[in-house]
Amino acid sequence: MRTYDVVVLGSGIAGGFLARQLRLARPGLSILVLEASEKMVDFKVGESTVEVAANYMIRKLELGTYLYQHQLPKNGLRFFFDSEKKDLPLTEMSEIGSDHMPYHPSFQLERARLEHDLVQMNRDSGVEVLLGAKVTDVVIDPDGPHTVTYEQDGETHQVHTRWVADASGRRHLLARKLGHKIHKETRLNTAAGWGRYRNVAGLDAVRDPAWRSRVRYTSRHLSTNHLMYDGYWIWFIPLAGDLMSVGVVYDKDRIGPGPRNKEAFEAFIKS
637 MRTYDVVVLG SGIAGGFLAR QLRLARPGLS ILVLEASEKM VDFKVGESTV
687 EVAANYMIRK LELGTYLYQH QLPKNGLRFF FDSEKKDLPL TEMSEIGSDH
737 MPYHPSFQLE RARLEHDLVQ MNRDSGVEVL LGAKVTDVVI DPDGPHTVTY
787 EQDGETHQVH TRWVADASGR RHLLARKLGH KIHKETRLNT AAGWGRYRNV
837 AGLDAVRDPA WRSRVRYTSR HLSTNHLMYD GYWIWFIPLA GDLMSVGVVY
887 DKDRIGPGPR NKEAFEAFIK S
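Take our numbering: the last position of the sequence shown gets the number 907, and nothing is skipped along the way.
No lab work stands behind these hints, which were simulated from the structure alone. For every residue, glycine included, the Cβ atom is placed at its ideal position computed from N, Cα and C. There's no promise every hint is true.
Okay, derived cross-link-like pairs now, DSSO-like style, lysine-lysine, Cα gap no bigger than 30 Å in a straight line [as the list claims (entries may be wrong)]:
1. K906 - K813
2. K721 - K888
3. K721 - K696
4. K696 - K770
5. K770 - K906
6. K906 - K817
7. K721 - K898
8. K898 - K722
9. K696 - K888
10. K888 - K770
11. K675 - K906
12. K817 - K721
13. K888 - K675
14. K820 - K722
15. K770 - K817
16. K820 - K721
17. K680 - K820
18. K722 - K817
19. K898 - K888
20. K675 - K898
21. K770 - K820
22. K820 - K888
23. K696 - K906
24. K813 - K680
25. K888 - K680
26. K906 - K888
27. K770 - K722
28. K696 - K680
Computed Cβ-Cβ distance ranges for the label pairs, DEER-style [unchecked claim]:
29. L767 - H740: 46 to 56 Å
30. G892 - R812: 29 to 39 Å
31. D866 - R638: 50 to 60 Å
32. T822 - G892: 12 to 22 Å
33. E821 - A841: 35 to 45 Å
Just need the whole structure built from these sequences, with the hints factored in.
So, in structure tokens, the structure goes:
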């Protein structure tokens, strides 16, 4: 049975980042990453980073060149406020947002592309990353080593490890194994719907000199853009590869159950 210093459960953004950080900080560690998905192609929300996350990605993970070459820089947060009748054209809405790119960088992440690229970057650095490897059991031994069991290509495998890092997200593999209660947010009765679209012109396509000069011709398109309404907001977040993340966050006590499929979502946005 093979033994590793660290086994990471999951190769999403958390698992991929952790494996890279460990490899950079401790090159001698043997690291195995087990990812249940066979391909890293899932679209995910959580694209709009904040400055402290960008600082971590650039300084700790040494991803600055990658981020500027393959992702989009973020021009801060931007908010638009319509009239109560929802009848103002975009150029007449009240606006809060920067008129220049922020000094401290942040980025809009196309998560599927990032997580796909992290797999290859980690492999290139010596991390063993297995896709299609579904973890079925974790045995934590106080005296060590721990044992991780996974299935891949119809076969069952076991490995020993000094450390187990759970980056499995909502599967909560380790927490469930240890019998910890899984907390579900109940304080706010909110929900969200979202999708990905191509060929969205973006806010910089508005050909109004007064509108453009109001922000000194900075790119509104690169902002995390919010259209604010009573009980909900709509976001437009640009992503690399001509993608636009469009979503709505709403208070179910004010709006009701909200959109539950593509048709209802698009009808809600158009309304």
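Hint by hint, where does the structure go against what was stated? Just the numbers, ascending.
1, 3, 5, 6, 9, 10, 11, 12, 13, 14, 16, 18, 23, 27 and 29
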